[in-house]
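So the sequence lines, in the order shown, correspond to chains A and B. If you want this note's numbering, it's the position in the first sequence, counting the first as 1, plus 1099. If you want this note's numbering, it's the position in the second sequence, counting the first as 1, plus 445.
In case anyone wonders, no lab produced these hints; they're calculated from the structure. Do not take every clue at face value.
To be verified - Pair ranges (Cβ atoms, derived):
1. B:E516 x A:R1288: 52 to 62 Å
2. B:T562 x A:S1160: 47 to 57 Å
3. A:M1383 x B:R836: 40 to 50 Å
All values derive from a computational prediction rather than experimental measurement. Glycine is no exception: its CB is placed at the ideal position from the N, C-alpha and C atoms.
This is what each chain is made of:
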Amino acid sequence: MSTGLFLVQALNGLQLGILLFLVAAGLTLVFGVMDFINLAHGVQYMLGAYLGAALAAATGSFWLGLLLALPAALIFGLLLEVLIFRHLYDRDHLSQVLATFGVILFLNEAVKAIWGAAPLQVPVPALLEGGVVLMPGLQYPLYRIAVLCAGIATALGLWFLVECTRLGMLVRAGATNAPMVSALGVDIRRLFMLVFAFGAMLAGFAGALAGPIFSVEPGMGDHVLILAFVVIVVGGIGSIRGAFIAAVIVGLTDTLGKSLMPDLMRLFLDPSAARQTGAALASMLVYIAMAAILAFRPRGLFPARSG
Amino acid sequence: MSSLSRRAAMGGALGLLAAPAILHAQPAGGVKIGLIAVQTGPQAALGTQLRDGFLMGLRHLNGRLGGLTAETVMIDDELKPDVAVTKVRTALERDRCDFIVGVVFSNILQAIVRPVTEANTFLISTNAGPSPLAGRGCNPFFFATSYNNDQVHAVIGQVCEDQGYRRVFVLVPNYQAGRDAVAGFKSRFKGEVVDEVYVPLTQLDFAAELSKIAAARPDAIFTFMPGGLGVNLVRQYRQAGLANIPFLSTFTVDEAVLPAQQDAAVGFFSGSNWAPNMDNAANRRFVADFEAAFNYVPASYAAQAYDGAMMLNSAIRRAGGRLADKDALRAGLRAADFTSVRGNFKIGANHFPVQDFWLTRVAKRADGKFQTEIVRKVLENNVDPWVAECRMR
């Protein structure tokens, strides 16, 4: 493989990582701060994509759609929190998993009932059409570069919010020892609600951004959710910094694994077997990496909770 | 409750249970069709196409099949083989369906073949066409109005030969149907396969594969990416500026996913046994009425299901409406005495169609909708490669 191709693949990996981070950031906050397993985070990503698509179609502008999708996702997150999740905080993880899984089933079908089973189309905004030629014959779409920038900006913003503001301090304190924060007179329920709504909005933002690249269809959040869980477990639950680094690791491992594994296998096997085992191994690589990291750091790379 | 009254209650309950069964045993001049198609989950759009195609057929037949009033029982297989088997058993035993029709996916079809055919009930696949059922596993109670999977992939292999493409890049999902697609393609393509890339079925982003394609600079790519995978691939392929490399595919750009691919898919090629603009009277009527009734462009899933309804109608008429006379029904189905929307259509020795295969290309219509359109005929009167292994008992 040439250096040029390798660099392009690394960029592809970075970009997948950034997109995963946008989904995982909300999840790690909710899981870390509230110790609440929210399987429905993936459908919130899907909902963001659908809201973005529907609002863009209604207003005729991608940007307006994106802008409106954020408060819509936020309100929806609040609604879910008040109606369902609030009643689950004191229950054990199994009840939370069951209830949020139910939310997945319900919302997947609801989306289908409203928008139909066929995938939706979201056009790339005119401003970001076209691309940059990275190597002969291959364009890197401007839109993907924009997603990359948006992801990095979100990461920096979150870092600032969590590390340098009073609200962020409370969130970090909540992640470390929630009863203590509550005893010091902070309304932990309200904090939870805020964090949850904010997480839902982040997931919705990721979904709306993904619309022009991926197919917007029922169940689109389910694959993303699994990778997002890998990211937050590797990064350390509750840690934004950990989620960012883990997302980049997962993105790079997945992309480089897919492009290098079949070639690597060819050293030991005949070409056709190498292609298939290489592909199979590449899709396992993320999970192998997760197992390896957890073997050495059982709490992930940057654990938020020390006790 | 005393034992006497309990016995009386039990008797009453049994009587209630038995009553519907007695009613069903005498279908007074009617025929009951179990229509099985996936209606939930990400692939539901394909099942909807299939269902609407069959219902369109019934509408054109005034709700009658071979003179008998037709009743349709919808079965949602949920794309889960075990669920499909349970529901099909219910349709056979409780609902007393006379025929089972439909099925989008091969794995569902293979799960229900035995339960249906062992009940001496005809199973008519209007889409899935796995090779085992065309070869050694062919069955006197099984018919297909669609194709054998290998044939469609072979069409693209032949197209690459005809166009003189020497170096072709192959991209498929890493599961049985993906590997079958590669085998079918290679059965006719004799040039160099630059690289075969297998991606997981849960693949989100094709950036890594697209970079590989750009680096390999092939004459063309062959791909098989059904459903949402195809939507992602087609849009990202276009966005990466690779559209100058011919995009040849099977089950990747069709009317079920074109509403989401739109302009990104225009000019991309596909192998098929049908296209909405196929020029014959039966097809023009089918497409026009279908679009008027359901407000979307039909795909081959709908066309094959429509043909399925027509074929059933002709078979029941030939058997004089005697649903119990299985041999007469079988002879009627084999005769396939109806005008197919595909024009040239016969039933071969293994109960799979003998038909023409076409190269199609995605185009934008004057009304802004998208459809595949015929480019040229690739294979004529094509018989699937498995027929020699079929020993019909």
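Verification of the hints:
The hint said 52 to 62 Å for the Cβ distance between B:E516 and A:R1288, and at roughly 55 Å that hint holds. The hinted range of 47 to 57 Å is satisfied by B:T562 and A:S1160, whose Cβ atoms lie roughly 56 Å apart. About 42 Å separates the C-beta atoms of A:M1383 and B:R836, a value consistent with the hinted range of 40 to 50 Å.
When held up to the earlier numbered hints, the structure conflicts with none and fits them all.
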